[in-house]
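Next come the chains, spelled out residue by residue.
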Amino acid sequence: MENYSLTKEMQSFNEIEFTYDSQKRKSPALEELFSIIRYRDLIYQLIRRDIVSRYKRSILGVLWTMLQPLGMMLVMNIVFSKLFGRVEGYTAYLLSGLVAWSFFSQTTTSAIHQIVWGGALMRRIYLPLTAFSVSSSGTGVVNLFLSLLPLFLIVLITHRPITWAILFLPIPVLLLTAFALGIGLMLSTFAIRFPDIKEMYQIIIQAWMYLTPILYPEDIIPESYRHWVLYLNPMYYLIKMFRSLIYDGVLPSLNIIIIGSVIALGTLLIGWIYFSSRMDEFAYIA
Amino acid sequence: MLILHKVYNSFVMKPVIILEKISVRYRAPEARIRTFKEYIIQLLRRKVRFKEFRALSNVDLRVDEGEIFGIIGRNGAGKSTLLKVVSRVLMPTEGRVRLRGRVSPLLELGAGFHPELTGRENVLLNGTLLGHSRREVESRLMEIIEFSEIDAFIDSPLRTYSSGMVARLGFSIATTWKPEILILDEILSVGDEAFRAKCEIRMARFRDEGTSTLLVAHDMITIGKLCSRVMWLDHGEVKAVGLAKEIVDLYRASQRAKKKV
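Protein sequence lines, in the order shown, are assigned to chains P and B.
Just so you know, we're using the working numbering here: the first sequence kicks off at 217 and counts up by one.
Just so you know, we're using the working numbering here: the second sequence kicks off at 116 and counts up by one.
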């Protein structure tokens, strides 16, 4: 049997180049960022898996991504057009808000599901744990771009002005993605400790949607409440930005752009740092 | 021979894995609190008591280049926890981990497989899961399919595969690239005799090319046949480390003694 006094022996290994040393770690947030860049092909595969597996056994396949928002719009249009019919091109107004909102709600919900699904995986193999939230956002963006097709169609049918402003659409999409990723990272950190978050979030997101001017115009909210209901709601700025490009055909005001960007990028930063600071605990809990 | 081995060891052998004073402690709430509401209530009452569970305490380990190192012990001795620490899945509560090179874990085959995707699509997914680029996986695709012996079904969804086929595909993906560190947890018990022989040949080739293997098995014959050195874990502590034959004999003796009592 060997006498296992390692400490002395170890000192002679200090000149050997190790590729990993648990004592020489940079900041977890930065390390995670480098790691996710190294694993970019995995993100692509995870997104592909999400999209392919979702529709593999259905006949209409990817077409569902376009039919889903259209169907939802149709239902809401029937219900609410009597109430808000005075809004010009209400169908386009509704669908533009709905597309942006479902992107947000689907991405954040799927981030929670992914980390729970990934629990089995991350106990077996090393991978950057942000991959689950990042790939959820990626899947969301692909679906969002697919649902832009029916949106353009509705915008054309309802004679909304299509201007060069539409070329700026990637900017609110990027900001929405950043915001959804930030929220998704925070939520999945909670969800690992408290699986109930999944259920709770479904209620929160429902309430949040009705508090955001998606199916109603923002001017129906009384002046005195606007401060609370609109200006403190991050999604208000992001949806307004998205909508003004595609529905109004103009650039949003500078105010909206600045506030929206600060909120979106700030949320992403906080979410990323928070997630990475808690990452090491996941394997102990999940 | 033994002296030669030791001399060779001290001069040429380079460590690939070094664990120093590794402890892993789980803090499990005494009564399992799973809901947020309960947690808040308990927290307000200051009643969240934690029971500490030591999965590993003060474990030192050194594995050199080209070594097949075995880990034995009874269920719950901390074998799998140790493998998780080495594969960087689990950050130890205390201690230092140093690794040289890429770790390829084969803890449970096909953990990342998706039943609706075809075998081919799953190869791409799992290859990138191991940290390879898509191009790297694509260039080795034929080799992976060939080794796994499922060419005819490679474009069928994975849910139609038998468990043996899934295991073969998993092993094939994980061992197509020569890793610096290979981690095997009880996987040699899957597959038929012929495939197992193929796996052992591949492991031997890796060893000759300098790959270090960390192997957990309950089958002492496998351990004795493959490993150069062995660590015996008991209740999270190192009971003994040394040449495979010595430790296996010790372990067997203690098991027999226990059975008699």
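Careful, some of the hints might be misleading.
[Claimed, not checked] Derived DSS-like pairs: lysine-lysine, alpha-carbon spacing no greater than 27 Å straight-line:
id	chain 1	residue 1	chain 2	residue 2
1	B	K360	B	K375
2	B	K129	P	K240
3	P	K242	B	K129
4	B	K374	B	K129
5	B	K129	B	K375
6	B	K313	B	K340
7	P	K240	B	K136
8	P	K414	B	K136
9	B	K374	B	K340
10	B	K136	B	K374
11	B	K360	B	K340
12	B	K340	B	K373
13	B	K129	B	K373
14	B	K374	P	K242
15	B	K340	B	K354
Honestly, the hints are just simulated from the structure, not real lab data.
**Message:** For K340 (chain B) and K354 (chain B), compute the direct alpha-carbon distance and say whether it is at most 27 Å.
**Reply:** Answer holds: K340 (chain B) to K354 (chain B) is near 21 Å, not above 27 Å.
**Message:** Please verify whether K136 (chain B) and K374 (chain B) have alpha carbons no more than 27 Å apart.
**Reply:** Since the Cα atoms of K136 (chain B) and K374 (chain B) sit roughly 32 Å apart, the hinted pair is violated (cutoff 27 Å).
**Asked** Quick one, are K313 (chain B) and K340 (chain B) close enough, alpha carbons at most 27 Å?
**Response** Given that 27 Å is the threshold and the Cα spacing comes to 15 Å, the pair holds.
**Asked** Going straight from one Cα to the other, do K129 (chain B) and K240 (chain P) come out at no more than 27 Å?
**Response** 20 Å, holds
**Asked** Going straight from one Cα to the other, do K360 (chain B) and K375 (chain B) come out at no more than 27 Å?
**Response** Holds: K360 (chain B) and K375 (chain B) sit about 23 Å apart, inside 27 Å.
**Message:** What's the verdict on K374 (chain B) and K340 (chain B), does the C-alpha distance respect the 27 Å limit or exceed it?
**Reply:** 25 Å, holds
**Prompt:** Given the proposed pairing of K242 (chain P) with K129 (chain B), does the C-alpha separation stay at or below 27 Å?
**Reply:** 26 Å, holds
**Item:** 27 Å limit on alpha-carbon distance, applied to hinted pair K129 (chain B) and K373 (chain B)
**Value:** Since the Cα atoms of K129 (chain B) and K373 (chain B) sit roughly 38 Å apart, the hinted pair is violated (cutoff 27 Å).
**Prompt:** If you draw a straight line from the CA of K374 (chain B) to the CA of K242 (chain P), is it 27 Å or shorter?
**Reply:** Answer violated: K374 (chain B) to K242 (chain P) is near 50 Å, above 27 Å.
**Request:** Given the hint that K360 (chain B) pairs with K340 (chain B), test it: the Cα-Cα distance must not exceed 27 Å.
**Result:** Within the cut-off at roughly 9 Å; holds.
**Distance restraint between K340 (chain B) and K373 (chain B), which requires alpha-carbon spacing of 27 Å or less** = Since the Cα atoms of K340 (chain B) and K373 (chain B) sit roughly 25 Å apart, the hinted pair holds (cutoff 27 Å).
**Message:** Hint check: K414 (chain P) vs K136 (chain B), CA-CA at most 27 Å. Holds or violated?
**Reply:** 38 Å, violated
In summary, the structure is inconsistent with hints 4, 5, 8, 10, 13 and 14 from the numbered list given earlier, while agreeing with the others.
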